[in-house]
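*Asks:* I would like the entire structure built from these sequences, with the hints used as guidance.
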Amino acid sequence: MNKEEIQYVYSGRFDAAFLDDLYAGDIQSAAEIFESSLNLIIPEMAAAEALFYQADHEALRKLFHKIKPLFGYVGLLKIQALVQQFEDACGTVSNTEELREKYQELVIMVGESISIIRQELIRMKRFINVRA
Amino acid sequence: MIKYTSIIVEDLQPASEFLRKFCERSGIIEVQGQFPNGEEALVYLSENLVDLIFLDVEMPGITGFQLMDQLVYQPQVILTTSKTEYAFSAFEYNVTDFLRKPFTYQRFLEAVQKVEVKKQQEDSNATDHIFIKVNGKLIRLKNEDILYIESMGDYVKFVTADKKYITHNTIKNLETKVDGQKFLKVHRSYIVNLASIDDIQENTLYIRGNHIPISKAHKSKVMQKINII
Chain A
1 MNKEEIQYVY SGRFDAAFLD DLYAGDIQSA AEIFESSLNL IIPEMAAAEA
51 LFYQADHEAL RKLFHKIKPL FGYVGLLKIQ ALVQQFEDAC GTVSNTEELR
101 EKYQELVIMV GESISIIRQE LIRMKRFINV RA
Chain B
133 MIKYTSIIVE DLQPASEFLR KFCERSGIIE VQGQFPNGEE ALVYLSENLV
183 DLIFLDVEMP GITGFQLMDQ LVYQPQVILT TSKTEYAFSA FEYNVTDFLR
233 KPFTYQRFLE AVQKVEVKKQ QEDSNATDHI FIKVNGKLIR LKNEDILYIE
283 SMGDYVKFVT ADKKYITHNT IKNLETKVDG QKFLKVHRSY IVNLASIDDI
333 QENTLYIRGN HIPISKAHKS KVMQKINII
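Protein sequence lines, in the order shown, are assigned to chains A and B. Just so you know, the first sequence maps onto residues 1 to 132 in my numbering. Just so you know, the second sequence maps onto residues 133 to 361 in my numbering.
Mixed in with the good hints, there may be bad ones.
Claimed, not checked - SDA-like mimics (lysine to any residue), calculated; alpha carbons at most 25 Å apart, straight line:
| no. | chain 1 | residue 1 | chain 2 | residue 2 |
| --- | --- | --- | --- | --- |
| 1 | B | Lys215 | A | Leu77 |
| 2 | A | Lys66 | B | Ile194 |
| 3 | A | Lys102 | A | Ile41 |
| 4 | A | Lys66 | B | Phe235 |
| 5 | B | Lys153 | A | Leu38 |
| 6 | B | Lys153 | A | Ala31 |
Stated by the list, open to error - Short, incomplete list of chain A residues facing chain B, as computed with Cβ under 10 Å:
| no. | residue |
| --- | --- |
| 7 | Leu22 |
| 8 | Ala24 |
| 9 | Glu32 |
| 10 | Phe34 |
| 11 | Glu35 |
| 12 | His65 |
| 13 | Lys66 |
| 14 | Leu70 |
| 15 | Tyr73 |
| 16 | Glu87 |
In short, the hints are calculated from the structure, not lab data. Idealized CB from N, CA, C, for every residue including glycine.
*Replies:* Here's what the structure looks like:
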């Protein structure tokens, strides 16, 4: 079988159809975006924790506004929508307690996302190496 | 074949890279620079002209809208944001399109198509004359009779071979109203009729003995437009 014809198949947690639309089979580009997204999300989540405990809701809103599309670029559209909800909540709540439950839920979801993006990136790199 | 020069103003590095790849893939959009904030983009734009700006809205420092307020000329703008709430403001700023991140290549191409349509509309709106209001009268000036237009604060001076007309207007506004095929802004205070240029020496051009400065930002466009053989 011709190696050029082998198509990469994204894992089930990702919106594969959307990723195929975004990257059109260019797994090298997809892997680069996955990696740079991961490298941004991790430190930003650490920064978010500090902002949450400082009750700086506007800075928190801006931070999540910034990283929100990254979840789209890696095909996690449900997480992107969840981040959007949290971003909106940051702009409307008057005290941190109102945000706490949503924030904790988001932190868990993003933590899981980081893990699956990392695993997918390993798969993609293996695929690229095998194909090379 | 490259048809449009562009810059990307985007603080999210993966988004900026993603967009650059789409531009490369299109084969018609050259990305001359990628900037993580509006301030750095404005510095670049003060010395360089581009046809198109891909512009994020929320960034550290000035917003995309504030950047548009500070532009001294009007390239086409495609807003790239993850928030649909900006759509109304985008409409008010007359941007060419509004892309919600992340967007597909197909959606990107639709935006590029809108750039082409807008460019064609601007070109086809061109007529062989303009009307200017002077002392309560509308005066018809043929394009070919206008040598150049000079800024005078809130007023501009239209210079023809035998007359000068002063009217309430700005160079920035006129830049989009005059025929872009025949006229070119060469400095923040001057628009010239390309057919009237007698000669160019370094950063000055001459029209019937008048010295007109060419700014650094506009020099490359001037050199592109004139017919050098």
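*Asks:* I'd like to know which numbered hints this structure contradicts. Please list them from smallest to largest.
*Replies:* none
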